[in-house]
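Construct the entire structure; sequences and hints are all you get.
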Amino acid sequence: MTEWRAAPHSGAASIFNIVNSTYTGVIHGSGYLYFYPGARSRGRQGDDDAASVPSAVYPLNSGNQPSYLDSAAQSLAGTFVFPTNMTHMDLVITAQSQIDDEFWYTCVPNEYTIELESCGNTGYRQVMVQVDGRTVAYSPVSPWIYTGGIDPFLWQPTPGVQTLNFIPYRVNLTPLLAELDNGQPHTIAVSVYNDDNYFSVAANLLVYQDPRVSALGGAVTEVDVPALAPSITSDLAGGASGEVSGSVAVSSDVRTRLVGYLDLPGGPRWTAVAQDLHFSNSQNFTINNTVYDQQIALASTVRTVTRVSGGGADGRTRVRSWSFPLTLNDDQVQQANGDFVLTRTVLQHEAARSAPAWPAASGWALSDRVQSEDTLEFDPSFTFLGHCGMSGSQQYQFESRGRGEPRCGSRTITNTVNAVSAVSDARHCDLLRGDDGGAERSRPHHPGCGAPDAP
Numbered sequence: 000m001t002e003w004r005a006a007p008h009s010g011a012a013s014i015f016n017i018v019n020s021t022y023t024g025v026i027h028g029s030g031y032l033y034f035y036p037g038a039r040s041r042g043r044q045g046d047d048d049a050a051s052v053p054s055a056v057y058p059l060n061s062g063n064q065p066s067y068l069d070s071a072a073q074s075l076a077g078t079f080v081f082p083t084n085m086t087h088m089d090l091v092i093t094a095q096s097q098i099d100d101e102f103w104y105t106c107v108p109n110e111y112t113i114e115l116e117s118c119g120n121t122g123y124r125q126v127m128v129q130v131d132g133r134t135v136a137y138s139p140v141s142p143w144i145y146t147g148g149i150d151p152f153l154w155q156p157t158p159g160v161q162t163l164n165f166i167p168y169r170v171n172l173t174p175l176l177a178e179l180d181n182g183q184p185h186t187i188a189v190s191v192y193n194d195d196n197y198f199s200v201a202a203n204l205l206v207y208q209d210p211r212v213s214a215l216g217g218a219v220t221e222v223d224v225p226a227l228a229p230s231i232t233s234d235l236a237g238g239a240s241g242e243v244s245g246s247v248a249v250s251s252d253v254r255t256r257l258v259g260y261l262d263l264p265g266g267p268r269w270t271a272v273a274q275d276l277h278f279s280n281s282q283n284f285t286i287n288n289t290v291y292d293q294q295i296a297l298a299s300t301v302r303t304v305t306r307v308s309g310g311g312a313d314g315r316t317r318v319r320s321w322s323f324p325l326t327l328n329d330d331q332v333q334q335a336n337g338d339f340v341l342t343r344t345v346l347q348h349e350a351a352r353s354a355p356a357w358p359a360a361s362g363w364a365l366s367d368r369v370q371s372e373d374t375l376e377f378d379p380s381f382t383f384l385g386h387c388g389m390s391g392s393q394q395y396q397f398e399s400r401g402r403g404e405p406r407c408g409s410r411t412i413t414n415t416v417n418a419v420s421a422v423s424d425a426r427h428c429d430l431l432r433g434d435d436g437g438a439e440r441s442r443p444h445h446p447g448c449g450a451p452d453a454p
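For what it's worth, numbering that gives the first Met the number 0 labels the leading residue of the sequence shown as 0, then goes sequentially.
No lab work stands behind these hints: they were computed from the structure. In this text, a Cβ means the ideal position worked out from N, Cα and C, and glycines have one as well. One or more hints might be untrue.
Stated by the list, open to error - Between beta-carbon pairs, the in silico distance windows are:
1. D424 - V290: 19 to 27 angstroms
2. A273 - S240: 45 to 53 angstroms
3. S13 - E242: 45 to 53 angstroms
4. D424 - L32: 36 to 44 angstroms
5. G182 - E221: 20 to 28 angstroms
6. Y395 - V416: 20 to 28 angstroms
7. N60 - G24: 40 to 48 angstroms
8. G311 - D252: 35 to 43 angstroms
9. S20 - T232: 16 to 24 angstroms
10. V290 - D252: 31 to 39 angstroms
Next up, the structure:
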């Protein structure tokens, strides 16, 4: 594993795709690289300024592809000898679910997989970060849905949240630098809790250095990272002929804290990073000879408080919040004539915010909400007959506040029968006043398509 610095490098972009007599879609595309000027300053804290440029990037992956982790026992790991004058380090992680774990949020405990006709290892996944074999942080797994996921018509023309632009999650490892800058090899590893074949994972370390000094002393004073211990509850009840009803839920609450300091030229600089992660996934089932009904309400939130003091830092506190709830209703009913009617409703809502702890004179926030529903109809041999009732909307808002006037972008797109039916913009945002998020539930009922829309 080697570092990447500001110098010419070769690169490539690859899209892995299966094309044969069954899967005939051929992907075409074009790519562009945009370079933006970034701020540089001595010893800059990268987490406080998204425009700051790292001194070096250390990729955990080798080559031009992600790592494929088939189980929780596997990890993506890199071993490095880091610079001895580091002032800040972020680990940037992308964890994409695939194959059996593509719809991990629909999974259930292993003892219920047969009767609920579902995947296993529960509906809970979490990224684990280890340094030299010790767990030091956690990162959430976004419940992404791809353009063919659940029902392809749900995402025409509006795809799900982040589907066309996966946004990685950043974990601040700065409190650990006094142990990582000793000139010895250190191993950084990423794995996925409850991984069940498989996750595609990429990770990069962003390192910031102080060019005024060749080496920095300091100490790591606290590493409080409890092991994950999710709670599982169920009130499922069975009946004759394979009937099942009730709910199964999994939840996890974990708080972590890292504290350390570095001896900078201006004095000791302390960094404390506290994470508060909450996850819950509640699924309600009704299963009998003619009905398969699954209703999912997932909530996933992370609140990170970073405090930096001393060493000329003036005592900064920044609060970052992230929320990505998902509501998924899957109603499958067999009609009297033997046809199957499948109605799917999906609501995704990502909300993120980064601002000082005091009233937000600066910072940024975004909200991206996508809701879509559709009904599919199949004959008794499960030949596709058509779909109907497709409707959906997306509302995207972004707000930033800096030295100048607040900037806001807000657009709402409404879809009807797989086409854009309305677009509206707003000039007002109110995202920096507080966190946004939370799962919502809706359950439309469609008795059948009748004359289906053309697919």
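Q: Starting from the range 20 to 28 angstroms, see whether the pair G182 and E221 falls in it by beta-carbon distance.
A: holds (23 angstroms)
(Q) I want to verify a distance hint. Is the separation of the beta carbons of S20 and T232 within 16 to 24 angstroms? (A) violated (46 angstroms)
**Q.** Verdict for G311, D252 (Cβ pair) under range 35 to 43 angstroms
**A.** With Cβ atoms ~36 angstroms apart, the hint holds.
Q: Kindly confirm whether 31 to 39 angstroms is satisfied by the beta carbon distance between V290 and D252.
A: holds (34 angstroms)
Q: Can you let me know if the beta-carbon spacing of N60 and G24 is within 40 to 48 angstroms?
A: violated (27 angstroms)
Q) Per the hint of 45 to 53 angstroms, is the separation of the Cβ atoms of S13 and E242 within bounds? A) holds (47 angstroms)
**Q.** Satisfaction of the hinted span 36 to 44 angstroms by the C-beta atoms belonging to D424 and L32
**A.** violated (29 angstroms)
Q. Is it true that Y395 and V416 lie within 20 to 28 angstroms of each other by Cβ?
A. At roughly 22 angstroms between Cβ atoms, V416 and Y395 fall inside 20 to 28 angstroms, so the hint holds.
Q. Do A273 and S240 keep their Cβ atoms within the hinted range of 45 to 53 angstroms?
A. holds (52 angstroms)
**Q.** Distance restraint hint 19 to 27 angstroms, applied to the beta-carbon atoms of D424 and V290
**A.** violated (42 angstroms)
Checked against the numbered hints given earlier, the structure breaks hints 1, 4, 7 and 9 and satisfies all the rest.
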